[in-house]
Each structure stands twice: as structure tokens, then as C-alpha cells.
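As you go down the protein sequences, you meet chains A and B in turn.
Just so you know, the first sequence maps onto residues 1 to 379 in our numbering.
Just so you know, the second sequence maps onto residues 1 to 288 in our numbering.
Footprint (simulated), chain B over chain A, 3 or more residues, beta carbon under 8 Å:
no., region
1, 127-141
2, 331-343
From chain A, some residues computed to sit far from chain B (all C-beta separations above 10 Å):
no., residue
3, 10
4, 19
5, 28
6, 113
7, 164
8, 172
9, 197
10, 244
11, 283
So the derived label-pair ranges between C-beta atoms look like this:
no., chain 1, residue 1, chain 2, residue 2, range
12, A, 336, B, 254, 20 to 30 Å
13, B, 162, A, 101, 44 to 54 Å
14, B, 167, A, 244, 45 to 55 Å
15, B, 198, A, 73, 24 to 34 Å
16, A, 366, B, 20, 24 to 34 Å
17, A, 311, B, 254, 20 to 30 Å
18, A, 269, B, 139, 32 to 42 Å
19, B, 162, A, 269, 22 to 32 Å
Because the hints were derived from the structure by calculation, they are not lab data.
Where is the CB? At the ideal position from N, CA and C, for every residue including glycine.
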Amino acid sequence: MSLEPIFPRVNFKSRKEFMDFLEDMMAASVEEEAEAEVIEETRGRPREMKTYIMESNNGLPKIRTATSLIAFQSPTDLPEISVLKLEYEGKSAVFYIDVSDPRFLVLYTNDLADITDPLYTRLVNSTSNYFDKIWLPTKMLDKISQLTGNAFRGFGLMFDDLFAQQEPEEQPIHELRMNVSGASSAEALEALSDKKDLRRSLSRSMVRVRRGNKTTFVADELRFTGRFITKTGTSSEDHVSLVETTRKLYRNLIEEVERSSIGAKRVEERTLIEGQAFDLVLEREIEDIGLFAAKLLTPDAPFRLWGLRNKVSQEMSQIIAVDLHTGDPIDLEITTSLIRIYLPKGACGNTVLRLYTNLQHSFDSTIRFNDEKLLAIDS
Amino acid sequence: MNYIIGMCKKHKDWISILADLGYEPQVIEQQIRTASDEIVKPDIITASNKLLHAIVFECKGGTTLDLHQLNRYSALTSDDLRRWVTVFAPKDLGFDLCISDLAENHALIAQMNKDFPMITFSVDKVFKTGRFKEGKLNDTFREPISLKGRIPPLLYYPFCEEDEDTYIALFVMRGLISIAVKNAKGGPSAFDDNVIALETLIQWIFNPVFEALSKDHQRRLREKIKENIHGIMAREDMKEALEIIERQAAVKIARPLEKFTKEAGKYIAFLETQRPLSEFMSKQKPSS
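Bound-form chain B, shown alone:
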């Protein structure tokens, strides 16, 4: 998802090929009802005023592809998209459905997808298979595009609920520090039970793009974030460090922050040690 968003932005050290064609990321995870009464939920839709064209992306990080979803996409029309996509002349809007995947899974995904063009990312290049209806896209992706020395922007969409806790915890701990610092300025306390339910906290932890995610995805992320908050607050040393920050934030914040940073490091190390165990436990669960 971040790779696609990044291609719609003009960043140094990343490819701006979609931005150059006028595409901007518009809608994330929007559930769309097609004229044939089917529901599809693309990961991201980008649209270009210059080309009066949208790309509906289905991003695949793994090896599976929902064949029913692909069939439903076949029923998607410009009429269905017009309600969600903003362009100057909506009646002339065209679109392509595109599967985006990773090179290591490409052979498997490509086997399942015969109808739609694909954009595939490897460590050193991005390449297209299949044909877009929009000729400019075919021209742009005619040859593989080198990603050597490129640095993708990764924080537009900072994490998903499937990411490691060691990664998500960084954002959650940051969110708690945000609250503690704001507490010194008259904001609520991180120890107020209601704070955990605050939507603003969730947005500080993720980022405001959270608001654009589907309700279902928001729910899953919220649960994951809360699980992490409870995990952190269950540790006495973390709690104590946070308490000191809240108590001393208005006075001298540097030392309590250093203490929290130290405890954060220990917590991440602890999560690292838990990983093999949780991986083992998940392997023991009966497959659904």
C-alpha cells in the first residue's frame, strides 16, 4: 500500500511514475457496491484528472487471492466508481483494476489471475504483467523500472494488525508519551480508563489516515492497538516511567523520558522473546 501511495507522490529517492501521470491516492479500503449488487473492497483507488482515469488496486502481500473477489471485480463499472472518485469530468472516467503483489509470490498469484494487469515489486525493480486499458500506463510500465538505491516511503500507512507486536508497540508507546506530554498542558491522563477508548488516541497511534480506513479494518486495528496498550500498561516498570513523565512533564521532562526510552527497549526485547512462543502457539491452533 505504501509503495502505491509513494508512487502517487513526488518523493526524492522513490519513483513518482503515477504522480507524473496525475494520479493521487483518493480512497482506501472503501466498500463499493457494484451495479450487479456485488460488494468489492479494493485496498486503494488512485485517480488522475489528467487522464480522467482511476486505478483500483488490490494489494497482495501474501500468496492468496480471493477468486470470488476477482469475479466480483469483473462486474465493477465506471458508474460504480463515480460515487467515490473525484475527477473534473466524472462522466468520462475510465478505470483499470490492478493486482499489486510481491515478486516472491508473483508466480502463485499470477496463476490465479488471468484477467487483470499486475504490478509486481521486487527488491530491485517494479514490473508489469498483462495490459492496462489506459495506454499511458502500458507506456510507463513498458520496461521494468529499477528500484536500486530507492527508498520507499513506509509511514503513510504505518502498520496493519498483522504486523509484529514489536513494531506496533513502537507506535503505541509513542501514543502514550503523546498523552503524557499533553497531560502536562492540561490534557487527560494516560491512566484515565476513558483515554484508551478515545478515537484521537487511536489516530495519534496510527495516524489520521485511520479515519479513511474501512469500519471493519478500523475495528481490527483498534482491537490490536488496545491489546498493545494493555500489554504495556500491565508492566509495572513501563507504568511507573509513564507516571513519572505525567507527574514531572511540567517540570523537567528529559530524565523521565530517558527512563521511558530505556524501559521501551526492554519491552521490545521482551516481545522479541515472546515471538517464538506465539508463533509456536499459533501453529498448534487447528486451521480454520
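Just chain A, same shape as in the assembly:
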């Protein structure tokens, strides 16, 4: 099949050409925004540049597609950049993929978010591949927004209690969604943090970050799933730098998680055991462990886990689980105040971060690792 009609005629011979291309995408977005005079928030106004960091356990392989998601891949002269067109039910979008880091691929696009988001999610969730989103915990989002060169310009909150046992109206907070932007965003967040009833629901869905100087800058909205939307500014360098910083921080966290995975290592003639299970410490008590486990393992839940429960005692259950993203095993011990996660050697650390971050959004935003090294990175 000829790829000519499918792909836009783009090619990159150098990194500079690619960066210029990104800058053009950003400039087009700013111009179109001015023309459209659209004020209200939408899920990505026309042509805003979107950037997704995607986790992959085997680089960028030939993408296996199932059902009606169709993927066309085309290389460019720049070995680390390729073009990907995704199609599903008559809708399509083009992504420019940077595979410089084969574990964390970066996808750029300026197609509509209403189209790119579902296509991207469909690709990531496809069980034929080893892809996953990245899952940025709340503290890491805050940390990124406060790094040198970045200015915190807003935040989004998203909490939806998946594990509630009471009726929604009886709960302190059943659902919380809120977006705040502007120079006083930090004060607004501080005021919310002081509210006792809200403190377990303040999981960040996004942060707005401005990077650069007065004339050359970018203002990005970074979502907890690793999606950036460039709201204003045309500095591709600042944008790419923000994406890179995020990718590196996340990589460090994943590597720290994987360093603790449980297994055996050969040292000369000896086989030593290594690793440590992770403790997720819960401030909010799990009222009914059986119900909690059932919700956790619901196929439609964001955790992407399947598992069998073994009730050890009234106070503790084990979940013998599989991460549906990779097919790797993972074990959990659940008590009323603790979730212990056993990640076996070779399994993907993203599973732990997916569980942790999504529990922040669906159970308790104050959930934390009982691990000094992870706390140091995720804070």
C-alpha cells in the first residue's frame, strides 16, 4: 500500500528541522486561537499542540492493531522521529513520535483533542501492545510546576470516589472537579488545602506551567496522565525542555520502583534474594476489604488489574493479580489501613505508579508510599 495519500508530506533531516516544525505547530495554534476568539474551556481548542508521554515496554515496535483501530507508521530521515497515523471509526489523527528514549515515547500532534485523546487512549489500552500512559502523582505534578525556570500558573483537581459505600450525598466529598488558573492559583490551592473536609480529595488532574522569559516562553497544561496541551507561547525549546524534565523525573521514579522489585540475583556462585514490597499507607480506612478488592479489580476501573482474592483473615486479603498492560504478575496484600504491593523482578514499575496515582484520584489523595527513597522523588 502506498503511504503517500495517508501521510502529510513531512520529513525531518535534522533535529533542528523537527524543532522548527514543532514551533510552527505551536504558532499555528496561537494564531487560530486569536481568530476563533474562543474563551470557554474545551478539551483542546483547535490546533493546540498536544504532547503525550507514553510508556512502552518494547520501544516502538510495529504496532499491533486489533478491532477497528488502524495504525500506519512511517519513518523520517531522522531515526528517532517517525510519523504515526491512527484511525478509528472514521476519525483519524497524525502523531509525530520521538523515540529518543525507547521506554518513554513522546507523541506530538496538533489535531483536535476530542479526536486525539480517544485515539491515543485506544492505542495505549490495546491489549495487543505493551503501551501505557504515564501516571504522575500529585506531588510530582506540584514538583514539576515549581522547578527552576517554571512558574505555577494554575491547577486542576479531579477526585471521583470509586470505593464509596455510603450514598453520594452522605459523603464529605464524593466528586470534586475544579480548574483554577492565573497568578494567584497557589493561594487558591493553599486555601483549599486548609479545608479539613477537602484534604483527601485534592488530587491534581493537571498543573499549568509557564516556562521561559517575557518574550520567548510557553504555557503548558500538564495532565496527570502525561498529556501536555500548549495553551500559549511559541517556544518549542521551552516546551520540549518541560516535556524532557517530566520524562526524566518520571523515569527516575519508575527506576526506583523497579529497583525494589522482588527477585533473585546471581553474585558469583550465590543466588541472593533482593527487593522489597511497597507499602501504600492509607489515612482513609478501607471499610470493607472484599468490596474494595472487587472495585479494584473491575475491568473498567483505571487500574487495569485482574486478580483472584484470598481472604487471609478478617483484617487482611491477598490479591493474586495480573497487570493487563503487560500480562505480568503482581501481588497485593490489603488491610484496612495498608496496601502492600509485591512487584516481581522484570515486571513493569508503571503498574505500581498506575495503582498509586489512580488511588489518589479515586480513594484518597493523601495516600503515600512508606518508602524514603520513593518519597524523596515523589515530593
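We have chain A; now place chain B onto it with these hints.
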């Protein structure tokens, strides 16, 4: 074994008294030849760089203690251990042999063991009898340590071949689902006969600590796991559910997984009904 490993880790809701002294679990079920040409096979050896000391654990879940093994332990020296244990200054390595048992069996085990210190676990405490050569351990275990409200980590060493099939089957079924999910990503099929022989499958079913177990124990576990795989694959309903997962994993996995979960529940219930029968049968066997 899990209690000991857990004490070498810093877990919330479990005691980290060995981790606090710098001990880490190093070797499991390693066969060690002593200088006097005897062979011992401790369950687990933990070592501390801070104390330049190892604890050689013999874990007893039951009421028996191999007296010959105890005698062989008497011949164990630091020289014998140096080959297996990693510390910064191996020449200064000291060690203690410790029997670990459960409170309900303690009186019987203690009668058989006069030479070595013991650590005993009950529902609500852990306590020491005898004396360690390492003073810091005596200080740590001077008083019984409360385990009230504590939750031991139980999945470092998930099961042994003597565990109930109802428990082992959970891990085996999980292993089969792992394969089925990976099959959709280009991996082998759970219905490929060679898969059952795959070492990676055994490691998915147990966990990678399997590699650290003794060859003999690996063999026994492998047999037990294979017996379970055959038991599951002999059931048409389980096989069918697994087939659907493999066939549909790339398309829509949720419903076939739900079906498998349902069948898994039925299988566990079936194993439960078999238990009294197998217990009865084993009681009929002549004792060896």
C-alpha cells in the same frame, strides 16, 4: 520464612527489628558443606554488615526437628558461611544458628533443641529462648515483642508444595492468565505443551525468588505446580474460558476475564470438596 524476611524489611505494620540491626535476607535453602564434610541446608541466612554477623535460620512450621541436622549444624563455622554470605569484612564474620518455630509447637521443639537460641512466633508476640552469641540480638529480644495489630508480609515466599491446593491453584490460575494476556501481545499460548515446561511460567506462578531456592525444592515445587496446571487444564470449563481469553485478549478482554474468574471460583469450591477425600486417602496410606 515470610516472618523472618519481613523482619529484615522496613514494613509498616510489621516489626523491622532485624532490618534495624542491618540484617538483610541473603540466601534461601542453600546447601552448605561444612569443614567437617557434613551438609546442612538452612532455610534462610540473613546477614548484617553493621554487625558483621549472620543468622542461620532453621524454620520449623511443624513439630519435628531433625536431630542429625542439629548435630551437623554444630559443625558449622564462619569459614563455611563466608562463601555464601556477603559482608564488607568477611574475615570478621560471626554467626548464630537460630531455630524459628511456632508457639503451638514450641514445647516439643524446645525439648529437642538444647544448643541453639530460638525465636518463637505466636499470634500476639515473638519471643526468644536461649542466648545468641551476638549481644545486640539478645538486647533486641530481651522482652517478648508484641505482634498485636501487626500484619506480616506473606508473599515474599508465596507458597510451598505442602500448602493446600486451594491456595496454590490461585497462583497457578494467575500464571495461566499471564500467559493468555501475553499471548495477545505475541507471546506463546497456554495451550502449547512446551509452555508448561517453561521456567518463566514457573517463576510467574511462584515469583522470581524461585531461582534462589534449592534445586531439590525447585523440583518439588515444579512438580506441584505442574500437577495443578494439569488439574486446571483438565476441566473443560476452565479451558474454554482460557481459550476465549487468548482468542479475544486483543479485542475485548473484560468479559472473558470475568468468565474465567467465575470458573476459578467454581474450581476452588471443587478443590474444597476434594479436601476431605484427599485427607482421608492420605490417612489410609501406610506410614513410611
